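With the hints in hand, could you dock these two chains into one complex?
Residues per chain, in single letters:
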Amino acid sequence: MSEQSHRPILWSTLEEYEGDPEVLARQGGGDWNTKPRGFAEALENLGIPEVALRRRTFLKMSGFAAVLAAAAGCEKPAEKILPYVNAPEEIVPGVPNFYASTCGGCAAGCGLIVKTYEARPIKLEGNPASPVNRGTLCSRGQASLIDLYDPDRVRHPLVVADDSTLAWEKADAELAAALKKAGGRAVLLTGTIHGPARVAALNEFKKAYPGLRHIVYDAFSDHEAADAREALFGTRAVPRYHFDKSEVTVLLGADPMAEGPSATESMAGIGASRKVRDDHGRKTMGRLIAFEPTPTHSGINADYRHSVRPSDLAPIAIAIAAQLQKDGHSEVPGVPSITVNIAAIESKAGLPEGTIARVASDLWAHRGKAVVYAGGVMGRNGKGFELHLATNLINAMIGAEGTIVDSSRPANHSQGSAASVLGLIDDMKKGLVDVLLVHGTNPVYSLPESAGFAEAMAKVETRVSFSMHKDETASLCGRILPDVHYLENWGDAEPYAGYVSLRQPVIGKLWDNRAFEESLMMIARAGGSTAFDVTIPAAKEGDEPTVRAMTWHEFVRKTWDEKVYQSGGFAAKSFQDFWFEALRQGALELPAPAAKDTERNVAEAATALSAFQPAPAPALEIAVYPMTNTGDGRHANNPWLLELPDPVSKVCWDNYVALAPSTARELKLKDGDIVSLANGSGGTIEGPVRIQPGTHKNVAAVGTGWGRTAGGAVANGEGFNAFALGSASGNTLAYSGGDAAIRKTGGSTQLADVQGHNFMKKNPADENEYERPLIQATSLELYNKSAEAPQAVHHIPYWEKGEKKPDIWRTKDFPYTRHKWVMTIDLNSCTGCNACMVACQAENNIPVVGKREVLVGREMHWIRIERYYKGDPEDPEFVKSPMLCQQCDNAPCETVCPVLATVHSDEGINQQIYNRCVGTRYCANNCPYKVRRFNFYNYSKFRKGPHDELEAGAEARIAETPLALALNPEITVRSKGIMEKCNFCQQRVRSAKDEAKKLGHAIPAGSLKTACQQTCPSQAITFGDALDESNEVVRIREENVGKRGYGVLEETNVKPNVMYLAQIWNRETKAFDVDYVTAHSHGAHSEDHAPAEGGHDAGDTHPAAETEHHSQATTGHAGRTHS
Amino acid sequence: MKVTAEAILARWRLAAIAVVLLAAGGVKGLELTHNRGYEPLQPIAFSHKVHAGQLGLDCLYCHTNAEKSRHATVPPMETCMGCHSVVRTDRPEVQKLAKFYEDGEPVPWVRIHSLPDHVYFPHSAHVNAGVACQTCHGPIQEMEVVKQWVDTSMGWCMKCHRSDEYLRTPESLARAQEQGEFAHSYYRTGGPARTDATALRKEYASVKDAFWNGEQLQEVAETESPEELHAAIVETLGYDSFARQQGDRGAVADHVKAFQNAPINCNTCHY
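Those protein sequence lines, which keep their order, are chains A and B. Take the first sequence: its position 509, counting from 1, is numbered 509 in the numbering used here, and each next residue is one higher. Take the second sequence: its position 163, counting from 1, is numbered 163 in the numbering used here, and each next residue is one higher.
With the rest of the complex left out, here is chain B (with noise of 0.2 Å):
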């Protein structure tokens, strides 16, 4: 059988066809995948840029286990009642918060950043080694609604993970610390963070600042040393934390029905 050279151009072009179609497809496919840009409506219009970024709530303040879990979690409702059950009550997004948890149901918020299961990301592993949270979620301090900032492909991963500078090894977890890098890892981590009373005063100021405007509160903030602070925070609120160690729950009761009305919850001291 004798070949042409149109039959031939003719199956090149179709071939040519079919490959920009397929790579077309498979970027297009592949950066949907990966979700870059992504940025749903949710349930309630809340703002990071006011809370983060204006307020400066610390991150850590509402989404407390990202440095215990892998998981960084959304806070459970009551974290966003303990404030909002006496602030800026007058707001219909606010009303439509305290809605929900009056009627007991959670926010249905939209998930933004998701993972292959197969993919073991541990947030605390990242936190604790000093990593801001806005490395890989962006600026979103100044986010009225959040959206996926980084494509989360294994690719972008390994542009940390490639770099020295980011796998921490002993030597750079010290630089990172001395450079007051760990925002929170002190809580959990014992070690040298611990002492750092400036660090840890700055934390408890920035939660009073933000929440405690409440007098009683006052002269907590004007303490100096961690130890000291901790302890008036404890004798103002009147909780008995040997009591608990103890075992005994009804101090606990006692102390959250004390302080039910007060701007505060368990998780404001207890990350």
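Just chain A, with the same shape it has in the complex (with noise of 0.2 Å):
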């Protein structure tokens, strides 16, 4: 056998495609298998060795402690119970309220249902009501709950230089006078607003101040799309992308999943269109193809992932765009030729020949329903304003404005653009600005630092910020307003024209905080304004009617009857119900406004695009991407935020440059070395390289949203910012391309990847075992061949009624008679988002471990993405599979707990019972899904794991912290030495059960939901009672049982209860489809699997692949019988 044949070709890692020898011990088991790579090395960092604690001393040790505490005695503590002295009316302790809300998280403006107990708020979720989110939620929504509790806010109003604590009539007061005195030398400086209340209070402010001027400025924006369709079609308005309705998605360097502006709707949208769906008989799903140059969240669930350069993005949009036109496909008439050598901008982005015509064609087979998506930071390299042009152009030629491209209700969640800020940068510098207020944005922070805000800042008289932290800019300020959580506050939001959401404070201030909007209106009352005035009228006649200060809350409320109420058709109802029903509702559709008249410029934009004159592609160039955890680091200070790995690289804690396989064998790096990167124009970053598999050879990729300085405890020193390799030239910001430059420095550092660990795979090295991928995939083509494609390889069919399977235990005799609780997971959905993996921290309490633990493998989230790689590592396809405790009915872990601490429950629960718990592990080694997970330390006492409280002191110990509030009450918190796990959301099972019971009915279907799969963007997840028929569980699993279905290692008999959907390419067949086990091959049966080269016909491959499957099958348990 070659060497080459022992490629893998479903991997997870580098080392393990190599075959690194530590890798594949590991995988074969023997030791505690869940010790990542580097385990040694790790654990040296932490500073204990590996065996702290001998057997004997530790007998000895608990035997003291046994006797210690019989010699204590066991009586309680006193506890008290405090009750309310009025009882607040809504409020039943230990009955959770649920409040409609918005989140506050980004500008996107999803609904929220808040779920709290006794008034403090424990978990978010998707308000099905809102039209932007319908019901689900991203990771970085859910994780916004304890950004409230963050101990690090700003806890009242201050000065910045001493600290000290201002009296907010006295900064009121001041900045009144000083505005007075500016006039039309004040700026306010804010990210996206929007929502009729807040837009309404800051025009007011504006009227109280005449000639302040109002800069908007976001670190993402969408100007230099809405500077394009101003070209093209005379109106800025950002549009809304149908991604749901589209068939062939085309995305140019944008990561819509990740970056937005909607990213829960995007996710939701494309994963509604790669759902399965039967067409005339005929499966039939949407097409994703990226163009991108290192794998992003959204490239990852591409059906065609072409790694290209951001300076090759333009060039490829502009050349579909002649293609088009070439062809004479246009919906709209009169498009010139647009003048470009196709063919060498495909050789010079290296696409295969004849790329472009490929997919202006599928464009073109689908006009109507598909769409081209560009832009985002990665695309934001000087050229932005083209690369926009074109796709609108392309857009429009091929039907998509006005299906998927909706401009009836434009957008405005980003509203930002770069030429303002630096007009505003050019302005204080030059001494024309008096005073500075900012909100909403940090752009200390997210600009580069060669476009000098911060020196440019400083000529500012007068600075304030409304920032809840002291972060970057903050701390440039003089005094801090300090806003409230959106938790705490009224408000509004309106992310589309028309689409309006309503905010509710779900908890009291938790500090002497004021809402950003109320300040807005006291301190234009400062400033004589009367907008916001109340008028009392006199008790008595003759005396004075008394005037105060309208609170926030009301202003909304008045505002809502105005512009909401009034003009929304809603005079059917009294303004009372109205109001009421709002609250309750969250989110209100009012009429679309009306359409505007488009041009359409598409002469003058072709002409405009063939004198396009492409950037030069140096050796390497720069890709700046958000990241999906971090975004644009406004919440750097949310531990569950860095603890999660990132949907690709599955590194959490860190950000790094990503550099090819190849490119870091040349330059002789490897996984992280520590970097300096330089732009070419003044930008350096220092970093750990990462080897990403996919990225483009000439592409160094950089992800933002860490290296905060003054972020918070938690945010502080973790990573490094990427914003730092902007460049700012005339009224434009470029992020990406770039002629870059990178040293090794010779420090390196272990990167906490976490796909590493909890390896599933046997030992691929053992001839005695086959071996049945851990994920099936097949394409398209072949599903319509055969049903049974995806099953093609080792067809197991666990699943199949009437199979008869061995049993270890007696269920004949103890069958299920009232629940049967069930998931089925569809990988085609998934978009490896992970919302669900902080929706289920929480909802049970999972602890954040830090770094230096999650470098040990002690990482405790119940659910894990896998990610795995598929075939070259050039040129990778991704895989991505949802990874929790499968409660497996012959559960493996259950037979080898000593104390019972693990058991079987009559609803087919693989319970976990904490206080029988001692520790032992034996669960955890014999686990074969490796989702146990053990605290090796009182985890949940601190904020960023056990080792940055020696550090930090007492301020890392959540107890300290508000912090102890976001803790559901339905939960235990798990102490030290406890084993624990996924239980399909036992508390939800339970109060289900316990609200059924009491209305005397059965659970309705539909109405209980797992944490997991209520959060799921893209709907993936389904959960329910296998023995009720109205489950849709029940359809999934009925119709998918021995086509798509399949369980993760079934072949094992554990009889998973979590039935995964395999995962269907809309892309040509390629090799690995028809048996992807190929090259793994040993011994009897490698003879037929000669993988079949270009063009299958898999009508000819798939029958003998099957009825080898069969042998293979027999040889397998014949194995293992002798064995």
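To be clear, the hints were calculated from the coordinates, so they are not data collected in a lab. Here the structure is a predicted model, which means the values were calculated and not measured. Treat the hints loosely; a few may be bogus.
Keeping only pairs whose Cα atoms sit at most 30 Å apart, straight-line, the calculated BS3-like set for lysine-lysine is [as the list claims (entries may be wrong)]: (1) B:Lys159 - A:Lys998; (2) B:Lys159 - A:Lys820; (3) B:Lys159 - A:Lys997; (4) B:Lys49 - A:Lys80; (5) B:Lys99 - A:Lys80; (6) B:Lys49 - B:Lys147; (7) A:Lys744 - A:Lys668; (8) A:Lys170 - A:Lys206; (9) B:Lys159 - A:Lys812; (10) A:Lys80 - B:Lys147.
From the derived model, a few chain A residues whose C-beta atoms are all more than 12 Å from chain B [said to hold, decoys possible]: (11) His156; (12) Gly234; (13) Asp279; (14) Glu353; (15) Asp362; (16) Ala619; (17) Ile808; (18) Glu874; (19) Pro892; (20) Tyr914; (21) Pro962; (22) Lys998; (23) Ala1071.
Glycine is no exception: its CB is placed at the ideal position from the N, C-alpha and C atoms.
So, in structure tokens, the structure goes:
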């Protein structure tokens, strides 16, 4: 066998692909196989030897402890019960209340349902009434809950210089005087603000101070798209994209799932378009094509992924437009010839010949149901305008305008522009600004240093921040008038014109903060504005009426009366009725605004594109991209998000410089080597290298959102700031592109890559074991030829009816009679976004362990998203598979627990009983899925892991902070020495059952959802009772059994209760679709496995493969019987 | 090495002592852990004997949440003051209570029953299934000072949960209903119990007897059907429930204001 033939087709890490002996040894089991690569080294970093406690010492100590415990007596400490003095009307202790609100995690304006216990929010869920997120929520939205309890928030108005407290009235009066004096030399710099009341408050504030300029700046913004649309259609409106209606979606350097501007919606849309549908007996699904410099969250879902340089993006878009025009394919008339050399663009971008023609004809074939989407930071290399101009032209040509691209409700969530903030810097430098008010944006962090915001800002006399944190910008201000968290606040949002959503406070203010809007109102009043006055009529005739300040709540109500109720056609109800209904429902749809006449300046656009001069293509280009978890850095102080592995690299607690394997080899760099990366225009960063399969060989990709210096105790010092690689020229900001120089510094670090942990595979070197791949995947073509194609590899029909398999229990004597909880996970829908992981963390009080603990394989997530590569490391295919406890019927963990701490319930749930657990960890060793988690420390006590506490002191302890309030009271907080794992949200099952029992009926279908299922933006997870036919899960199981449905490692007969629906790719059939264990094949069953090359006729290969599987399964069985 | 008989004996003796000590410690420890008989002194000498026994107040009058929540909950102090702003205001213990209330301070009651965090014990499931409070809490109506009646160990729970009698099936539920075991479930459950006018009237009547000595409500008690009874209460109280449904909190506020001095509060009717 040549060395090449050992290369696995499905692999999780490069070490595995290359056959690293250390990794192979771990896969072989024997040792505790959750130990990751580099375990010993990481353990050394922890400062404890691998065997800290010898068995004998342990026994001596535990004996002593037992004596002590007996001697000390066991009397409980007296607890107090403190009743309410006056009980709040809505609160029943122990029964959660749910309130509709609006997420403030970003500007997407998703609707929320907030679960509160005794008036403290403990879990966020999507609001089904919201037309934006339709009941789901992303990982950042989920995690924004603990931003509320963040102990590092500013707790009172303060003078930055000495942290002294300021009185609100005094601050307002002084600021009003300064604003009056400054007149036109005052600037309010904010992030995007939308929502009827929020905008109205802002406008009234502007009226109070005539001349005040309002500048909007977002770290990520769509202004280039808006510019391009203005040039093409005459209106600046950014449209809404209905990806769910799209059959062919082409992404050009865009990552709508991570960067947004409406991430949850994009995930839901793309996820929906990729569900396999039945179209007159033929299976069909949407196709996703991505051109991108490095694998992004969206890109890893693509059927066709092309690695290109950032500088290739605009030429590719232009080439597609030119190809369409050349073929006479256009829904809009009058597109002149675009004179570019398509073949040259293809070859420069390294695309296979004919790619552009294929994409163009694919788009045209699905005209009206296809879309091209470009943008984001990655496309911002100074040629962003042309990129957007070309994509919008293509969309017009293929009829996407008006169908997929919907400008009837323009998007409001990205109003910032680079030009205006750069203009502001200029003005500040020239001394033209006397007062600067900053809210909801952090330019000192998110603008490159070369833009000079910090120095320019120093020239402004009065600088006031409304930030919740003393962040990079706020700490350069004179004063901070701290805003409240959105969960403490009233407010509203209008992400798309006419989609309005209300926000209501779900907790009292934790500290002496004040809503930004209320600050505006008070400062306006202090300056003499009467817009925010409430006049109370005199009690007696003859007395003067009294005037008081309006509250922000009253203003929201008033605005909704005037702007929404009166104009929205709700007159049938009283305003009172309307208001309570709106609060209860959270989100409303108003009629779409009148459509504006759009021009079609296609000829001008095409001419402009013909004249396009592509940027030079240097040997190494930088691609800056927003990371799914950290985004623009505003959530950087959120330990849930920092410990959340990146969807692509699976690295947590760090960002990195991603390089292609070949580039890393060339530069003699390995994972974790610290390099310095310069962009050729002054921006430099230093960070660890991450060899990321799928990155273009001429690209160094860096993710944003890290490297905060004043983000808070958790954020500070983690990662590096990728925004430093931006460069400002004229009135544009470029992040990507540039002639990059990379230099090894000599240092190195370990990256916490969790995909290297929890190996489920058996030892590939073991000749006696046949191996079925962990993930089943096939092409749509093969699936259409045979519904059983996804099962083609070692078909083990566990779920088939009437199938008899050996059972270790007397199942016949104890049938499931009441409930049997099962789950299905559709790999086609799963985008790998990790929202389920955070939802699970919030729901189940899962602690954060910190980087050093993750390095030794001790992360605690109950559900993880596994990411596998298929094929060549330079251009791999990506498969994602959520992995959680499979609630096996034949659970291997249960049989090895010496104390019955893990047992099977009569509803099929594999229970973990914490107070019985003595921490032998036998169960974790025996678990084939590696989903059991052990508390090596009292993790739940610490914000950032137990080791941080030693350095940071008591502040690192959760009990010293409000973070303890975020704990779900339904769930035990686990302590040291306890094993834990997913239990299918036992508490949710329990309360649904209790509720149903109380009402005397069955649990209504669809009302019981696990936390992961509830939040899943693309609705990949379905959970329910297999015994209740009205459950969706029963239908999915029946439809897919023996077809797409499979169980991970089901060949081991553990009888998992999670059915995965195989990944179907909407691309041509590849060799490994037919049988991708070919390269693994051993001895007897290798002869029929010659991989078919080029175009296959699956009809020929498939039956052969199937017969062969039967024999193979038999071989495997026989082998096991003998051993 | 030769092992002498003495040495063996010595070793065994030591072991025996250890075993005895450990066993004793264990038994003692377990007993204390389960806290049976725990009878702490409370900050106010509240007598369940007087309230639940002599006055015959229903447990759910104060522990309103027992049928709604996993927690039975100690009542908010406004519940106490609903009566004690007019009843027995001369007693020192009541004055102590009033002082707490005026200061806006909760009474720091000492918790008696405390289950470990990992135990999910829902009061509501038990109350709604018709389990009497006394089954777990003992003859509370006779306790001057409350003490823990049972050991609340898992074994104790299993005494019922192993037996069919307490595992409520639909049939046993129906039986319990017939036997009038449903003390309070009909408010929430809907179901057949709602039509049980006798039980409902009995309920309201007991509330009336205990608290509504005011003349204005005399006629209320004399009405017949529960619907009439409720209508009469609403009418007498002058509270327009419809206004509340409309979301006008002003009406509720008016209502509360009008009856500020009456010996009732919202919980009187709205469990």
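- Message: Beyond 12 Å on every Cβ pair: is that true for A:Asp362 relative to chain B?
- Response: Given that every Cβ of chain B is farther than 12 Å from that of A:Asp362, nearest at about 54 Å, it holds.
- Message: Minimum C-beta separation from A:Pro892 to chain B exceeding 12 Å: can you confirm that?
- Response: Holds: least Cβ distance 24 Å, greater than 12 Å.
- Within 30 Å, alpha carbon to alpha carbon, are B:Lys159 and A:Lys820? Holds, at roughly 26 Å.
- Message: Just to be careful, I want the Cα atoms of B:Lys159 and A:Lys997 compared with a cutoff of 30 Å; is the pair within it?
- Response: Status holds; Cα separation ~22 Å.
- Query: Would A:Asp279 pass as off the interface with chain B, using Cβ distances and a cut of 12 Å?
  - Reply: Non-interface label on A:Asp279 holds, nearest chain B Cβ at 45 Å vs cutoff 12 Å.
- CA of A:Lys80 to CA of B:Lys147, is that 30 Å or under? holds, 15 Å
- Regarding the pair B:Lys49 and A:Lys80, is the alpha-carbon distance no greater than 30 Å? holds, 22 Å
- Task: With 12 Å as the threshold, tell me whether A:Ile808 passes as away from chain B on beta-carbon distances.
- Result: holds, 25 Å
- Task: Please work out if A:Lys170 and A:Lys206 have their alpha carbons no farther apart than 30 Å.
- Result: With Cα atoms ~21 Å apart, A:Lys170 and A:Lys206 stay inside 30 Å; holds.
- Is B:Lys49 within 30 Å of B:Lys147, Cα to Cα? Status holds; Cα separation ~12 Å.
- Query: So is A:Gly234 really clear of chain B, every C-beta pair being over 12 Å apart?
  - Reply: holds, 45 Å
- Query: Has the given pair, B:Lys99 with A:Lys80, been kept, meaning a C-alpha gap of at most 30 Å?
  - Reply: Given that 30 Å is the threshold and the Cα spacing comes to 19 Å, the pair holds.
Violated hints, in rising order: 20 and 22; the structure is consistent with all others.
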